[in-house]
Amino acid sequence: MRLLRLYQTGPLAARVSGRCGMTAVVLMLVGGLLLSLNAPDSQAESPSAEAVLAQAISVYDAAKARGHAWVMTRDGLAKAQGLLDAGDAPAALVVAQQALETAEASLRQADIEAKSWQARVPK
Amino acid sequence: MAVKPVKMRGKLAEGVAEIKALMPHPMETGTRRTEAGELIPAHFIQEVMCEHNGALVLRAEWGTSVSKNPYFAFKVAEAKAGDEVVIRWLDNLGETSEGRLTLK
Amino acid sequence: MLNRLMIMSLLLAAASLRADPPSDLKAFRAFFEQRFANIEIDDHRDGAYALDAAKREQWLSMEDFPPYEIAIEAGEALFAESFADGSGYVDCFENGGMGVKQTFPRFDVGANTVQTLELAINECRKAHGEAPLDYASETMGALTAYMAYTSRGETFAITVPPEGLAAYNEGKAFFYARRGQLNFSCAGCHVASAGGMLRAEILSASVGHATHWPTYRLKWEQVGSLHKRFNECNEQVGAEGLPEQSASYRNLEYFLSYMNNGMTLNGPASRK
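Residue numbers (our numbering), protein chains in the order written: chain P, 1 to 123; chain V, 124 to 227; chain G, 228 to 499.
Incorrect hints may appear among the rest.
Derived list of chain V stretches under chain G, where covered just means 3 residues or more per stretch with a C-beta under 8 Å from a C-beta of chain G [claimed, not checked]:
#1 137-147
#2 184-193
Pairs of lysine to any residue, SDA-like flavour, derived with a Cα cap of 20 Å [as the list claims (entries may be wrong)]:
#3 V:203 / V:225
#4 P:64 / P:46
#5 G:446 / G:289
#6 P:79 / G:462
#7 G:282 / V:130
#8 V:127 / G:292
#9 V:191 / G:464
#10 V:130 / G:246
#11 V:127 / G:282
#12 V:134 / G:291
#13 V:198 / G:287
#14 P:115 / G:246
#15 G:446 / V:194
#16 G:446 / G:474
#17 G:499 / G:463
For the record, the hints were derived by calculation from the structure and aren't laboratory data.
For every residue, glycine included, the Cβ atom is placed at its ideal position computed from N, Cα and C.
Chain P extracted, bound-state conformation:
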């Protein structure tokens, strides 16, 4: 409910109420209320383990399509899914984040190698 107090007492609220009247202040209060209800606990915006895992899978698939999937990404994705299935979301989030990072690195490898492999051909 800290957000609500900001809108209530801050200079912004005073300025708005002065220019657009009570409607604006009410809208902002409601907006603040909606924001605070959506945010989990005291964190501003924290991605869920499911969301990170889904993103990691998507990047992994992209790398795989280019022939650059890594074993550690595959294993990390499986481990994250296992942790989610076991109900340990915080641990799953950590592993999914790592899998996402390795997936992104493997995709970067695909991009770099597409341009640089020619230089290794004996002339």
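Starting from the known structure of chain P, arrange chains V and G on it as the hints suggest.
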């Protein structure tokens, strides 16, 4: 799986025959599992006997540490052309096979 | 006069930049001729055993009674078996399948894909109503071991028609690109570092990598294919492997085999 004969080669030099043998055999240790997770039963050569002109010259007791399709080489003393060398094996399931070689 | 000179020099420059299979092969062989000045190119078909005398001696004593002999005999029997419709493998290959391995892989223009020997075997089975063989099976290993044995002493004669150039180039790109978490390329070890040490093993030269397949690796305790070896290499550098006979692997085999053109086939072989 059909029992296969022992393949043999022999080289005679100065009265000593160097015998080489290749024995087709699965040599299962009994600790491996199928993809479904079932244990593959132990099936391995337990005893190997070699005869030189009918006389036993070598006897070996083998276990599960010997690899699949074992390769086995040994030397036989006082050998001459025309001698017969026989290798026979017996496994833990009671199966048996042999190979015969006449030295040249 | 000056214009003509300019055009000629431009053409010459363009020719040297032109990458086509024959030029690739020439440069490839030249690299290894220079790196291993006292080894004939053809000797590299023995892989690391051409580079280390002690290992070679051990390997030769094993060749006296090679472990793949059992597979060759099994393959001969399998090859002679008839299909349910009365035909056999002899009907699918020229010369009855004897001494043809040096012409594989080929580019199948109709199917627009690289046809390896293994693929041709399964295509033969399919055409005659038989179920395909698992590419990693001992049966496929035995059949290819037997066919390779009948091609021993033949010279690799791989062709790349214009339609096959794209596949060849994909195989070439795969060979030279870094992959996996360890970020190694095939070329990194088997071209740039050929002859060097990787842990306790000597890195063999890529020229000669396609001649001796299928191979009985002691650690496999059976005859396995080149694609099985690709998978081992890939996983060792942290790259995910592919199913045997995937398009990428067939393209890679196509490129590698072309790079071994002119070399003598010596399959099946035994390796550590």
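Hints, verified against the model:
Counting residues of the segment 137-147 of chain V whose beta carbon lies closer than 8 Å to any beta carbon of chain G gives 4, which reaches the threshold of three, so the coverage claim holds. Counting residues of the segment 184-193 of chain V whose beta carbon lies closer than 8 Å to any beta carbon of chain G gives 3, which reaches the threshold of three, so the coverage claim holds. Proximity of residue 203 of chain V to residue 225 of chain V is assessed by CA-CA distance (about 10 Å); at most 20 Å being required, the pair is judged to hold. About 28 Å separates the Cα atoms of residue 64 of chain P and residue 46 of chain P, which puts this hinted pair outside 20 Å; it is violated.
For a cut-off of 20 Å, the pair hint linking residue 446 of chain G to residue 289 of chain G stands: about 15 Å separates their Cα positions. Of the pairs offered as hints, the one joining residue 79 of chain P and residue 462 of chain G holds, with about 18 Å between alpha carbons and a cut-off of 20 Å not exceeded. Taking the CA atoms of residue 282 of chain G and residue 130 of chain V, the gap is near 25 Å; set against the 20 Å cutoff, the hint is violated. For the given pair, residue 127 of chain V sits about 16 Å from residue 292 of chain G by alpha-carbon distance, which is consistent with the 20 Å threshold.
Under the criterion of a C-alpha separation no larger than 20 Å, the hint pairing residue 191 of chain V with residue 464 of chain G is inconsistent with the structure, at around 29 Å. Between the alpha carbons of residue 130 of chain V and residue 246 of chain G the distance comes to roughly 50 Å, so the proposed pair goes past 20 Å and is violated. At roughly 31 Å between alpha-carbon atoms, residue 127 of chain V and residue 282 of chain G are farther apart than 20 Å, so this suggested pair is violated. For a cut-off of 20 Å, the pair hint linking residue 134 of chain V to residue 291 of chain G stands: about 11 Å separates their Cα positions.
At roughly 19 Å between alpha-carbon atoms, residue 198 of chain V and residue 287 of chain G fall within 20 Å of each other, so this suggested pair holds. Distance check on the hinted pair: residue 115 of chain P and residue 246 of chain G sit about 16 Å apart at the alpha-carbon level, within 20 Å; holds. The straight-line distance between the Cα atoms of residue 446 of chain G and residue 194 of chain V is roughly 15 Å, inside the 20 Å bound, and the hint therefore holds. With a C-alpha separation of about 26 Å, the suggested pair residue 446 of chain G and residue 474 of chain G falls outside the 20 Å cut-off, and the hint is violated.
The straight-line distance between the Cα atoms of residue 499 of chain G and residue 463 of chain G is roughly 16 Å, inside the 20 Å bound, and the hint therefore holds.
Violated hints, listed in ascending order, are 4, 7, 9, 10, 11 and 16; each of the other numbered hints is respected by the structure.
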